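Residues in the sequence shown are numbered consecutively from 0, following numbering that gives the first Met the number 0.
FYI, nobody ran anything at the bench for these hints, they're computed from the structure.
Among these hints, one or two may not hold up.
Said to hold, decoys possible - Once the Cα atoms are required to be at most 16 Å apart in a straight line, the calculated EDC-like pairs of lysine to aspartate or glutamate come out as:
#, residue 1, residue 2
1, Lys256, Glu152
2, Lys274, Glu41
3, Lys226, Asp196
4, Lys75, Glu152
5, Lys75, Asp120
6, Lys75, Glu142
7, Lys115, Asp158
8, Lys256, Glu403
9, Lys256, Asp145
10, Lys226, Asp247
11, Lys31, Asp158
12, Lys201, Asp186
13, Lys17, Asp240
14, Lys115, Asp143
15, Lys256, Asp406
16, Lys115, Glu155
17, Lys17, Asp233
18, Lys115, Glu169
19, Lys181, Glu169
20, Lys147, Asp114
21, Lys439, Glu103
Given the structure is predicted, the values throughout are model-derived calculations rather than measurements.
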Amino acid sequence: MDEQPQFADTLENTDEPKSSDVLLAALSDAAKAFDVWYGQCERIDKIFSLSRSMSGLSDWSDPEFDLFWSSTEILKPAVYARPPAPAVNTRFSIRDPFLDQVSEMLERVLSTTLDKTCIDDVMQAVRDDLILTGRGVSWLRYEDEDRKRVIVEHLEQRDFLHEPARKWSEVGWVARCAWMTKQEMRDRFGMSSGYADAAFAKRGEKYGMSDSSEKAAVWEVWSRVDKRVYWVTDGVETVLDESEPFLDIEGFFPCPKPAYATLKRRSLVPVPDYKRYASTLEQINDLTSRIYGLLDQVRVRGLIPSGGDVGSAVQSLLDEADDDMMLIPVPASSLVGNGDMVQWLPLDMFANTVQGLITARQQLISDYYELSGISDIMRGASDAQETLGAQQLKSQYGSVRIREKVDALVQHAQAICAIAGEIICENFDAKTLLEMSLSKMPTDSDIKKQIATVKKQGEQAIAHIASQIREIEARATVQQSVAQAQPPAPQPQGVPAQ
């Protein structure tokens with residue numbers, strides 16, 4: 000059996016016309032590797048959004064008791080609380096005024112760039128994906144049409160693919176999906192690209208789209224194998240476009256390593272935390288539904304003597320649930336007791352059953368808190384009699400359970416700043432950097448002017464010194480001539496001449 004051509008082998012053969020078959024096959028294989036995870040993500044999103052459109056979910060929902068939602072809302076601010084603040088320094092503690100000024104300028108430009116690209120919204124979306132589905136992804140791109148700017152985007156689960164690998168360092172290519180209309184593809188790739196054969200269709204809730212326009216998935220593939228970038232789409236047999244990397248990034252990929260929670264062993268396939276305690280939550284929901292169902296049946300109901308059939312009277316007693324108290328007439332001969340005018344329906348069995356269900360549900364909730372890592376102090380259920388040390392230990396335990404998620408987001412934000420910094424340094428001119436940083440660093444023309452001024456001042460100083468030297472020399476010559484023209488002073492008598 001002949002082996003199918005591999006992704007890397009086809010890319011290295013640059014003599015033949017580029018076909019999109021191998022690229023699309025590689026993307027399809029990567030999507031299949033994440034297919035189970037995609038299904039888990041869809042189910043989690045629908046449960047979190049209280050959507051009852053899928054089978055297997057309970058019809059009961061109480062917004063005042065949504066354990067999954069409430070625990071997630073507790074984790075969100077604990078994992079990520081404020082936007083990242085870039086800090087630029089030299090690798091080593093080198094005290095150099097020029098390097099310090101350059102670092103400060105780049106730090107200001109990064110801060111301005113992140114503010115303009117709404118980095119807080121991006122990081123919140125990455126955080127939510129990390130907590131709910133186990134992976135958060137962002138992508139950076141550079142635009143210079145009207146003005147130079149770096150844009151950071153959050154990518155949905157199905158809009159990001161990479162080569163299946165055991166670890167991120169082994170990934171040879173990454174790809175992002177852009178949903179484009181026919182007009183957008185024509186403007187981007189031209190008439191001769193064959194864009195008209197793309198698989199245009201209306202995308203629904205599965206892809207998070209609500210508009211009715213027909214779009215096709217265009218994949219932008221960054222291959223580290225041959226240092227090339229490709230654009231492909233389903234339905235078009237050839238590559239839409241290809242080029243050398245238009246961004247000079249040290250790690251090659253225009254995206255940081257995704258923020259991961261739990262991964263399947265020896266792979267980059269996430270395992271959502273929800274799968275760990277899904278059965279517990281389903282049991283809690285089932286017990287809650289039964290509790291509320293029994294409570295709906297708790298009514299003050301009684302039988303009073305009257306004519307008619309006892310069976311039909313009892314049936315109407317059980318079926319009616321409109322009023323909090325009902326009296327159903329039955330034949331007087333059918334009533335038994337001490338001659339009371341009303342015989343009330345006993346409620347003890349309902350109360351005992353509800354109490355037992357509440358106790359069982361409370362135990363399941365405790366089990367859920369143990370599995371999810373929501374400590375007592377984090378969920379506001381600490382004992383008032385506890386000491387300060389005990390509460391601090393609980394808080395420390397809770398922070399340990401979420402520390403890996405916090406570290407993953409911190410590393411993700413640092414990688415975003417590093418890639419954005421590389422793009423800025425490679426593509427922004429001096430004028431843009433000075434405007435964005437509000438710095439007053441001298442330009443080349445300013446330095447040349449300063450050099451010319453200093454040179455002129457130096458020449459003037461040298462000329463002044465030279466004139467002073469000439470004056471001193473002239474004065475010394477005059478004094479010497481005067482001294483030579485004067486006769487020698489007479490010698491005193493009695494003093495021998497020397």
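Violations among the numbered hints = 3, 4, 6, 7, 9, 12, 16, 18, 19
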